[in-house]
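Asker: Please construct the entire structure, taking both the sequences and the accompanying hints into account.
2 protein chains.
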Amino acid sequence: MNSPVFRNWQSVQDEVLRRIRTRVWKPGDLIPNEADLAEEFGCARSTVNRALRAVAEAGLLDRKRKAGTRVAAQPVAKATLSIAVIRREVEERCRKYSYQRITRAECVPPLDVSAAMRTPAATTLLYVRALHLADDTPYALESRWINTDVVPGALQEPFQDISANEWLLQHAPYTDGEISFSAVAASTGDAQALGCAEGSALFAIDRLTWDADRSVTKVRLLFAPGHQMRTVL
Amino acid sequence: MNSPVFRNWQSVQDEVLRRIRTRVWKPGDLIPNEADLAEEFGCARSTVNRALRAVAEAGLLDRKRKAGTRVAAQPVAKATLSIAVIRREVEERCRKYSYQRITRAECVPPLDVSAAMRTPAATTLLYVRALHLADDTPYALESRWINTDVVPGALQEPFQDISANEWLLQHAPYTDGEISFSAVAASTGDAQALGCAEGSALFAIDRLTWDADRSVTKVRLLFAPGHQMRTVL
DNA sequence: CAGTGGTCTAGACCACAGG
DNA sequence: CTGTGGTCTAGACCACTGG
Chain A
1 MNSPVFRNWQ
11 SVQDEVLRRI
21 RTRVWKPGDL
31 IPNEADLAEE
41 FGCARSTVNR
51 ALRAVAEAGL
61 LDRKRKAGTR
71 VAAQPVAKAT
81 LSIAVIRREV
91 EERCRKYSYQ
101 RITRAECVPP
111 LDVSAAMRTP
121 AATTLLYVRA
131 LHLADDTPYA
141 LESRWINTDV
151 VPGALQEPFQ
161 DISANEWLLQ
171 HAPYTDGEIS
181 FSAVAASTGD
191 AQALGCAEGS
201 ALFAIDRLTW
211 DADRSVTKVR
221 LLFAPGHQMR
231 TVL
Chain B
1 MNSPVFRNWQ
11 SVQDEVLRRI
21 RTRVWKPGDL
31 IPNEADLAEE
41 FGCARSTVNR
51 ALRAVAEAGL
61 LDRKRKAGTR
71 VAAQPVAKAT
81 LSIAVIRREV
91 EERCRKYSYQ
101 RITRAECVPP
111 LDVSAAMRTP
121 AATTLLYVRA
131 LHLADDTPYA
141 LESRWINTDV
151 VPGALQEPFQ
161 DISANEWLLQ
171 HAPYTDGEIS
181 FSAVAASTGD
191 AQALGCAEGS
201 ALFAIDRLTW
211 DADRSVTKVR
221 LLFAPGHQMR
231 TVL
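Protein sequence lines correspond, in order, to chains A and B.
FYI, this note's numbering numbers position 136 of the first sequence as 136, with every residue one higher than the one before it.
FYI, this note's numbering numbers position 150 of the second sequence as 150, with every residue one higher than the one before it.
FYI, nobody ran anything at the bench for these hints, they're computed from the structure.
Treat the hints with care, as some may be off.
Since the list can't tell identical chains apart, any single copy or any two copies may satisfy a pair.
Said to hold, decoys possible - DSSO-like, lysine-lysine: derived pairs with alpha carbons at most 30 Å apart:
no., residue 1, residue 2
1, Lys-66, Lys-96
2, Lys-64, Lys-96
3, Lys-78, Lys-64
4, Lys-96, Lys-26
5, Lys-26, Lys-64
6, Lys-26, Lys-66
Note that this is a predicted model, so its numbers are computed, not measured.
Answerer: If you want it as structure tokens, here you go:
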């Protein structure tokens, strides 16, 4: 064959991907170790390491010390969804963003909420319900519980003009979070707020964030019918 | 303060994350450059680089040559969803996996499908519809179009015992792919296959994969009501 | 035990983009 | 033009783990 020059980790990565795709290295195969590849490619081992690490992170290689590097038999596709502030999400689609607060109340949450947030059952939390609009049509309905022990500043904030979505990003740091995606049928109230039929299939994002071991906020975002989240593989 | 030792990139990363969380470095702030941080932390610049690169990939830092590194004002959360073969997904939840083919046909697809796959309108594709079960209850309904020009081997495969989901991973390499998540109402046929009420809110994954500029397959997975995809932030 | 990947270092050059 | 991050190198040591 020819002897192309691999001078940077991206070109090494491309070559590795090519060999996987074209089955030069078949699923399950053990591939040469880093030192041998470095010699073959005419570059330093750390360059090969960088390339292989990137491919492994993409799920196409399985690496183990001593055992070596294998082509993943059943690659696990990693779809990375970018979850921006809703305002930005709307504006990036070149639509006009607006916001309407629906409800703000300090009250004791349902048991499932206090359980998920690990707050004592009788603890009062701040509840905010609001609508995000794109070009003046409903885009997403936000229903949020805020732990005011952790974010006391939220008690002074009416959330009339700025969404809790944005306010919390600026004022409430968190260390961990869980997020889940699902499909739910619109309740009567959801349907009314979003201007859709009751029972419509809605895309839902549930997020629960923690600051160390204390819950910060729990939110459900319900998107108007037809909403999609897209990404490339 | 004290002068802790930062000997590896993970500990540097932890320190960086701590400074962001505790607002030592506030959103929008310019942080010191790599060389200065390396000196402060008592490690090599490449170690700092590795740490900052990781934090930037997580969306908490914005880096630009010459402009320096800034704390992201509105961090874009990156949720990475792992999409495994359905068999594995079921088995990892410790449930028994089984599979039933519903339909297999060679036919001309609807216009939206041929348009999305960029095949000539009259081209015949292979259609496979099948049900994935967990503990003998419907788990996901797979409806798939396969471009047999690109994957001729699929014509010899009945997909009676092995799902197209798995077969294609072994036999059809791809270079690119798009994936989208949405919520849809169950059609009559969907509801019958999944054993749920018509109009139920179903979580849907649509995937379209390409080998260079030729489409390989287009698939819609409809999950039984209540399905969630979860991940950590 | 020994081979593999994981990482660190010091130094170097370069590409990019702000001023 | 110049400061910044991006990357490469050669060499080294180490942690893990398979045999």
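Asker: Look at each hint and say if it fits the structure.
Answerer: Verification of the hints:
When the C-alpha separation of Lys-66 and Lys-96 is checked against a cutoff of 30 Å, the pair qualifies neither within a copy, at 55 Å, nor between copies, at 33 Å. For the identical chains of this complex, Lys-64 and Lys-96 are inter-copy neighbours only, at 29 Å across copies versus 50 Å inside a copy, given an alpha-carbon limit of 30 Å. With identical chains, the CA atoms of Lys-78 and Lys-64 are at most 30 Å apart both within one copy (20 Å) and between copies (26 Å). Only between protomers do Lys-96 and Lys-26 lie at most 30 Å apart by alpha-carbon distance; the minimum there is 29 Å, versus 50 Å within a single protomer.
In the homo-oligomer, the alpha carbons of Lys-26 and Lys-64 lie at most 30 Å apart inside one protomer (18 Å), although the nearest pairing across protomers, at 38 Å, exceeds that limit. Proximity of Lys-26 to Lys-66 under the C-alpha cut-off of 30 Å is restricted to the intra-copy arrangement: shortest distance 20 Å within a copy versus 43 Å between copies.
When the structure is compared with the earlier hints, a violation turns up for hint 1 alone.
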